[in-house]
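Engineer: Each chain, letter by letter, is given below.
There are 2 protein chains.
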Amino acid sequence: MQKLGTHVLVELWQADPVQLDDLEWVRRGLLQAAAAARCTVVGQAFHRYAPQGVSGVVVVAESHISVHTWPEHGYAAIDIFTCGERSLPEAAAQHLIAYSGAKRHFMQVLDRGIPGPG
Amino acid sequence: MQKLGTHVLVELWQADPVQLDDLEWVRRGLLQAAAAARCTVVGQAFHRYAPQGVSGVVVVAESHISVHTWPEHGYAAIDIFTCGERSLPEAAAQHLIAYSGAKRHFMQVLDRGIPGPG
Chain F
362 MQKLGTHVLV ELWQADPVQL DDLEWVRRGL LQAAAAARCT VVGQAFHRYA PQGVSGVVVV
422 AESHISVHTW PEHGYAAIDI FTCGERSLPE AAAQHLIAYS GAKRHFMQVL DRGIPGPG
Chain X
362 MQKLGTHVLV ELWQADPVQL DDLEWVRRGL LQAAAAARCT VVGQAFHRYA PQGVSGVVVV
422 AESHISVHTW PEHGYAAIDI FTCGERSLPE AAAQHLIAYS GAKRHFMQVL DRGIPGPG
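The listed protein sequences derive, respectively, from chains F and X. Per the working numbering, residue 362 is the first one in the first sequence, and the count goes up by one each step. Per the working numbering, residue 362 is the first one in the second sequence, and the count goes up by one each step.
Hints are all accurate, no fakes.
Capping the alpha-carbon separation at 25 Å, the derived lysine to any residue pairs in SDA-like fashion look like this:
#	chain 1	residue 1	chain 2	residue 2
1	X	K364	X	V403
2	X	K364	F	L471
3	F	K364	X	V379
4	X	K364	X	M468
5	X	K364	F	P412
Quick partial rundown of chain X residues pointing at chain F, CB under 7 Å, derived from the structure:
#	residue
6	V403
7	G404
8	A406
9	H408
10	S416
11	V418
12	H425
13	S427
14	H429
15	W431
16	Y436
17	A438
18	R473
19	G474
Since the hints were derived computationally from the structure, they do not count as laboratory data. The structure presented is a predicted model; accordingly, all values stated were derived computationally and were not measured. Cβ coordinates follow ideal geometry from the N, Cα and C atoms, glycine included.
Based on the sequences and whatever the hints tell you, model everything.
Structural biologist: Right, here's the structure in full:
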């Protein structure tokens with residue numbers, strides 16, 4: 362058995378604060394990212410904070426995609442967790458990087474569910 | 362500015378397959394974990410797969426807690442993402458480790474939203 366899941370973590374910096382604070386903009390981006398990853402959305406939960414910031418998660422048949430935004434820092438934290446060989450988590454990440462227009466980003470890819478070290 | 366968020370990743374192994382396949386058992390564990398972390402639940406989404414496995418996410422006012430289970434491997438992948446100095450993500454992790462009765466676990470703690478490298 363190899364890994365069970367792939368977990369892509371993305372830090373977005375210098376993104377537009379107005380967009381990062383717009384729940385519907387965030388939701389649209391996550392749903393598009395799920396499609397880019399070839400994932401099927403089966404649930405979602407979004408929340409807008411006072412005074413600012415949005416959290417959103419879409420549960421997909423292949424795991425989840427989440428985002429948390431800090432408009433005041435032009436920052437968003439993205440997680441894309443997928444299982445199965447058909448899904449394309451990096452494509453979801455690339456979509457969100459482009460969608461956000463973030464001027465800087467940092468991405469790391471982690472394997473999840475590897476029997477050895479766990 | 363220091364980090365904006367703390368991201369705790371937990372691998373649970375040798376957990377009970379029947380419990381891992383029980384959506385309500387998973388939901389109860391996540392809600393208890395949110396309380397242990399001093400987080401306030403603001404949304405949730407759960408899904409049970411066919412033939413087996415559960416995905417669940419609770420969005421909390423301090424970010425999110427997610428779990429994906431593979432009953433056939435006795436495995437669950439947990440993510441606890443929190444912001445703010447008041448929340449206790451490791452307490453949520455410890456709760457889920459104990460709640461699941463997993464015989465083996467592996468935990469790592471990542472900083473998210475550090476301006477330097479991103």
